[in-house]
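Taken in order, these protein sequences are the chains called A and B.
Following this note's numbering, the numbering of the first sequence begins with 52 at its first residue and continues without gaps.
Following this note's numbering, the numbering of the second sequence begins with 9 at its first residue and continues without gaps.
If you're looking for bench data, these hints aren't it; they were derived computationally from the structure.
Glycine residues also receive a C-beta, built at the ideal position from the N, C-alpha and C atoms.
A portion of the hints provided could be inaccurate.
Each computed BS3-like pair below joins lysine-lysine, with the alpha-carbon atoms no more than 27 angstroms apart [said to hold, decoys possible]:
1. A:Lys321 - A:Lys375
2. A:Lys375 - A:Lys145
3. A:Lys53 - B:Lys40
4. A:Lys145 - A:Lys116
5. A:Lys127 - A:Lys375
6. B:Lys40 - A:Lys106
7. A:Lys177 - A:Lys290
8. A:Lys145 - A:Lys203
9. B:Lys40 - A:Lys321
Just the calculated beta-carbon pair ranges, DEER-fashion [said to hold, decoys possible]:
10. A:Thr320 - B:Asp27: 23 to 29 angstroms
11. A:Thr54 - B:Arg59: 52 to 58 angstroms
12. A:Ala425 - B:Glu55: 36 to 42 angstroms
Here's the letter readout for the chains.
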Amino acid sequence: MKTKRYDMIVIGAGPAGLSAAIEAARQGVRPIVFDENARPGGQLFKQIHKFFGSKEHRAKVRGLKIGEELLAEAEKYGVEVMLDAAVIGLYPEKEITVKIDDTVRHYKGDTILVATGAAENMVHFKGWTLPGVIGAGAAQTMMNLHHIQPGKRVFMLGSGNVGLVVGFQLLQAGCEVVGLADAAPHVGGYGVHAAKIARCGVPFYLSHTVIEAVGTEYVTGVTIGQVGPDMRVIPGTEKYFDADTICLAVGLSPMSQLLKQAGCAMEDTKGGPVPLCAADGKTSISGIYAAGDVSGIEEASSAMIKGRMSGAAIAAYLGYADEKIQEERIFELGQQLGTLRQGMFSPENRGKLITKTDEGIGVSMHLLEHGSVADDEIARYPGVTRQAGIHPVIECTQNIPCNPCQDACPKGCIRIGEKITSLPAVDAAKECVGCGMCVASCSGQAIFLIQEDVGPGVGEVTIPYEFLPLPRAGDTGTALGRDGRPVCTATVVKVRSSPAFDHTNLLTIKVPNDMLMKVRFYQTQKGGMGL
Amino acid sequence: MIDIQERLRQIGPLDGAPDDDLLVCRCEEITKGEIRRAIHQGMFTIEELRRYLRCGMGLCQGQTCGRLVKNIVAAELGVSPTEITSATARAPMRPIEMAVLADDGGAAHG
Chain A
52 MKTKRYDMIV IGAGPAGLSA AIEAARQGVR PIVFDENARP GGQLFKQIHK
102 FFGSKEHRAK VRGLKIGEEL LAEAEKYGVE VMLDAAVIGL YPEKEITVKI
152 DDTVRHYKGD TILVATGAAE NMVHFKGWTL PGVIGAGAAQ TMMNLHHIQP
202 GKRVFMLGSG NVGLVVGFQL LQAGCEVVGL ADAAPHVGGY GVHAAKIARC
252 GVPFYLSHTV IEAVGTEYVT GVTIGQVGPD MRVIPGTEKY FDADTICLAV
302 GLSPMSQLLK QAGCAMEDTK GGPVPLCAAD GKTSISGIYA AGDVSGIEEA
352 SSAMIKGRMS GAAIAAYLGY ADEKIQEERI FELGQQLGTL RQGMFSPENR
402 GKLITKTDEG IGVSMHLLEH GSVADDEIAR YPGVTRQAGI HPVIECTQNI
452 PCNPCQDACP KGCIRIGEKI TSLPAVDAAK ECVGCGMCVA SCSGQAIFLI
502 QEDVGPGVGE VTIPYEFLPL PRAGDTGTAL GRDGRPVCTA TVVKVRSSPA
552 FDHTNLLTIK VPNDMLMKVR FYQTQKGGMG L
Chain B
9 MIDIQERLRQ IGPLDGAPDD DLLVCRCEEI TKGEIRRAIH QGMFTIEELR
59 RYLRCGMGLC QGQTCGRLVK NIVAAELGVS PTEITSATAR APMRPIEMAV
109 LADDGGAAHG
């Protein structure tokens, strides 16, 4: 039996694993990365939305683009990636068994990094085994990798970022999202993600859960009901929807079994068993590391930084790099990670209801309960000003770690400041030229351009628009409010697309002046884009 | 260590629940009722339930139902799911044909 030896074995070619391999390879380590899938990149290639964060976190870059960059970097540094290679065992002496083709191969590493990610959680209700009940990850795979609609009429369960982001992607794929429910009383994910789908007309049902997937051969409908504080359905609150797909986005569990098998010290958390590890991913077994979601569920941006930290630590452990220098590198990466963990959605705030922003402004309860900020709540945020000429209106109402809008404005109209989680403020003293760079730069699609009095009694609203086919100048349609309800009719003035906007199109519509602060979406007359 | 007799007395007799016919482990087709009954027979750990009922022993190796089973056990015993010991992790971690597993090292392929 032959055993191949490597300095560093990485299990999982997702954002964490690839980042770790690249970071170590830069110091001369020759890593090998195994992945059970046919394609590398983990979930990155399904993530067609723009990421949050700051420049150093590659904010406003789409996940799939980040995936391409990572693969190119891996190739540049000579990282070996083995695909269709499922690691089936990890032993404490740092040996792994891998299923490749029809054989079991043995590899031994001086170090092993486990970056196996996470698996989706399921919930069980009557009919949950019917075809048509799918995970949000499956929906993403079908849409974004294979270009197949998961269904025509979809009901989404889960208001975390996964449910909200996939909900929006379903709309982009032309599906109808008939509703979104969560047993929690408040939206769990970013308000800006919720607002994106609420303004398309998706109704939110907080404090609701799925009672039954209806159908005999496959899903034909869904019954939901309101839950009380004891999480039991309140009789008489049942609601039925025609649907062919029920999409579950009810959290992720770390796939930590390999670490457990190796004998690493584990901790049973609410999210599932995770290895006890240091900031650089070092587990209780010398030479075995863990990075990314397997060591605790976070976003892909965090996974990439955690991977880099492990890669840097491994390079030092193996003697390829100076320990002092690597320590500094890990410290610097730790600072970047710390930035991403700030704000209302930080790990320590998980599950807490926050009613005031850092600036002392009340958080929109309408946003938390219905997915959209109410018309009478929006004026209190610093990104919302009223000016004579064209100007941005920034409907960013929660402290999240994200600041591309500040750098996007060539005129300095937008200010977030040093603290990345601060709400963006619009400086009315600086002159907006209406270039739209801020609109396209906002990963939350929360920036609009408003101009009053372009004609007698009418003004223009410019909205970020990521649906096809694009409306054309001169089209008329319905202007929708933040809650997705029709507000008035609107005429398309222009549609701007540019490589600098990275597939976010800027749609300018003409509406009466008094509707400018109400209108936030445009629906083509024939109900295109599945709306 | 849990005193099984003491705990069985505490959790009381098994009542029928309206969702007892719900499939929980879809690979091995184990229902919620079967799992609840096994718990009332004294199977308090995931490992015991796996051996007794085969829930979580099928194609997905408990990837789908592992957490659900844990929650059912926790609910029956009236404890937090984190107090329920997870299943032992052992190779092979993925479903694999016996012929492949037997060809360890690829000797048959040279």
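| message | Hint by hint, where does the structure go against what was stated? Just the numbers, ascending. | response | Failing hints, ascending: 1, 3, 4, 6, 8, 11, 12.
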